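Participant: The primary structure of each chain is shown beneath.
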Amino acid sequence: MLRAALEAVSALAVPLLLAAIPLYALVRKVNVYAAFLEGAKEGFATAVRILPALLAVVVALGMLDASGALGAAGRLLGPLLARLSIPAPVLPIVLVRPLSGGAALGALAEVLRQEGPDGYAGRLASVMAGSTETTFYVLAVYMGAVGVKRYRQALPAGILADLVGFAASVLLVRAVFG
Amino acid sequence: MSYIWVLLLALSVATAAASGRMSELAAAIPAAAQSAVTLSLGLAGVLTLWLGLMKVAERAGLVALLARLCRPLLRRLFPEVPADHPAMGAMVMNVAANLLGLGNAATPFGLEAMRRLEELNPEPGTATDAQALFCALNSSSLQLVPATVMGLRAAAGARNPADVIGPTLLASALSACAAVLSAKLLARLYRRGGAGPAPGGGP
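As they're listed, the protein sequences go chains Z and A.
The opening position of the first sequence corresponds to residue 223 in this note's numbering, with each subsequent residue numbered one higher.
The opening position of the second sequence corresponds to residue 1057 in this note's numbering, with each subsequent residue numbered one higher.
The following block holds chain A by itself, in its conformation from the complex:
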């Protein structure tokens, strides 16, 4: 991120110098900084409401309930992980917390899941199929309500900040399906015991 950020700053100044727009640039900088503060404070309204509600959900045991609902699905996705292995428990809790948008709660479960999956790893240092699938699943945004995005939309004065929830939910579901399918299919290509794809690329 450091390189990208510095590149953007330097590129902007160089372009402005070349096109004689230095005074416009100088005027835009404090305006942008100011608007960032306005936006993140505007975002606080929705975030405060949502995190309050999610704490209620957590206390009511909804994370555990969701985890129970997710378990059969995850058992099918991870047939190589024994159903009663602690890795499975950590994974279902991670997925449930992610669904509720509890990022802070999801990460410790995710790390615990990775540690437990590592116990099943015959070749430490190289990801197992289960670890790769679990990470791919976590890198698709499984979330029932995108609260932060909604907050930013509210801060920007959207007529209805929530009107993107439906499309967002379906798009992330499709993205999660793509993560599972490609992780499963690519597993054959990336043979264990060697780095990268197997020669010839065939299974």
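Next up, chain Z with everything else stripped away, as it sits in the complex:
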């Protein structure tokens, strides 16, 4: 049931939005094509803007892997991670996700490169990166903008949200692709 529903969402989301949004825009008399080209220009710029952070993390994790340190850490934490159904290569995502969005993308890119996008590790990493946010960054920017120093429950709530996102990712990826 759940599996079929989530598979349907995955299959339909992009094609449906790609048909429905331009159609709705046309009805609202928007110059659809011009708007598309204008937004699309930003897409390429965004990819280039992401590059430095992506490269920094992919290189660092690639080095960690080649040096044998990642493998050693995986063997050390392996039993614990295995009980959580988290493959060792996915661990860096869990660690950097709350700190930096660019770093999380780099960590995801590294998992996709090493483990492939269509295995359990690749899919779990994708869902984890897509379903959580950079909690510390968001708090620093938003609270900092109004000079709030005491975050009160915002920090534990944000971290709890990340943990629930990670746990849900494991359960759902196992349920849908297991």
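Simulated from the structure, these hints should not be mistaken for laboratory data.
Be aware that one or more of the hints could be misleading.
As the list claims (entries may be wrong) - Label pairs and their computed distance ranges (CB to CB): (1) Z/Ala-226 / A/Gly-1076: 49 to 57 Å; (2) A/Leu-1125 / Z/Leu-298: 47 to 55 Å; (3) A/Pro-1178 / Z/Ala-256: 47 to 55 Å; (4) A/Leu-1065 / Z/Tyr-359: 16 to 24 Å.
Claimed, not checked - So the derived list for chain A, only partly shown, Cβ under 10 Å to chain Z, looks like this: (5) Ala-1070; (6) Ser-1091; (7) Leu-1095; (8) Glu-1174; (9) Pro-1180; (10) Ser-1196; (11) Val-1201; (12) Ala-1203; (13) Met-1206.
Bear in mind the structure is a predicted one, so any value in this text is a computation, not a measurement.
We put the beta carbon where it would ideally sit given N, CA and C, even for glycine.
Once you have looked at the hints, place chain A on chain Z.
Facilitator: Just chain A now, kept in the frame of chain Z:
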């Protein structure tokens, strides 16, 4: 991030030196740098398509439409914010832009919302319950389609880059629920007027 990054680099070199894998390490560095460029350029395809589509959505007034749909829900989540207060308007626009994955549009609305919420803050410097909940909500990734992740999967040669959308959507919805619930419950624990949890931890 600086400390983590330097630590990773130094740790790698030290481990390689200790285990005699220096030449493997040296070979991996340019390969990794090269693959980062390939990936981020591969990502450009999906991002370009998606940001183009989202600009169409923005022009068609879909952000405002989504904002109207979100408003009743947000009014329940933030009962202490008057419904006609500018903070409410900024918050619904922020949530709507986030849902569409318009990060660049969402942030200014989010900052505006925080500024407006600060006007309702009797104790500047300490977050109100509304500010804490709003930030917690923003730190759970409310997004209909995770375009960047999909782009990276496409760049890595996934058979179907979109096959993670369903699980991602549900996982982020659960994460958002956790953010709301824990922010609401913890609000009693973190009494205002003092730093940190109240002594004894009880409400």
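Participant: Kindly indicate which numbered hints from before are broken by the structure, ordering the numbers from low to high.
Facilitator: Violated: none.
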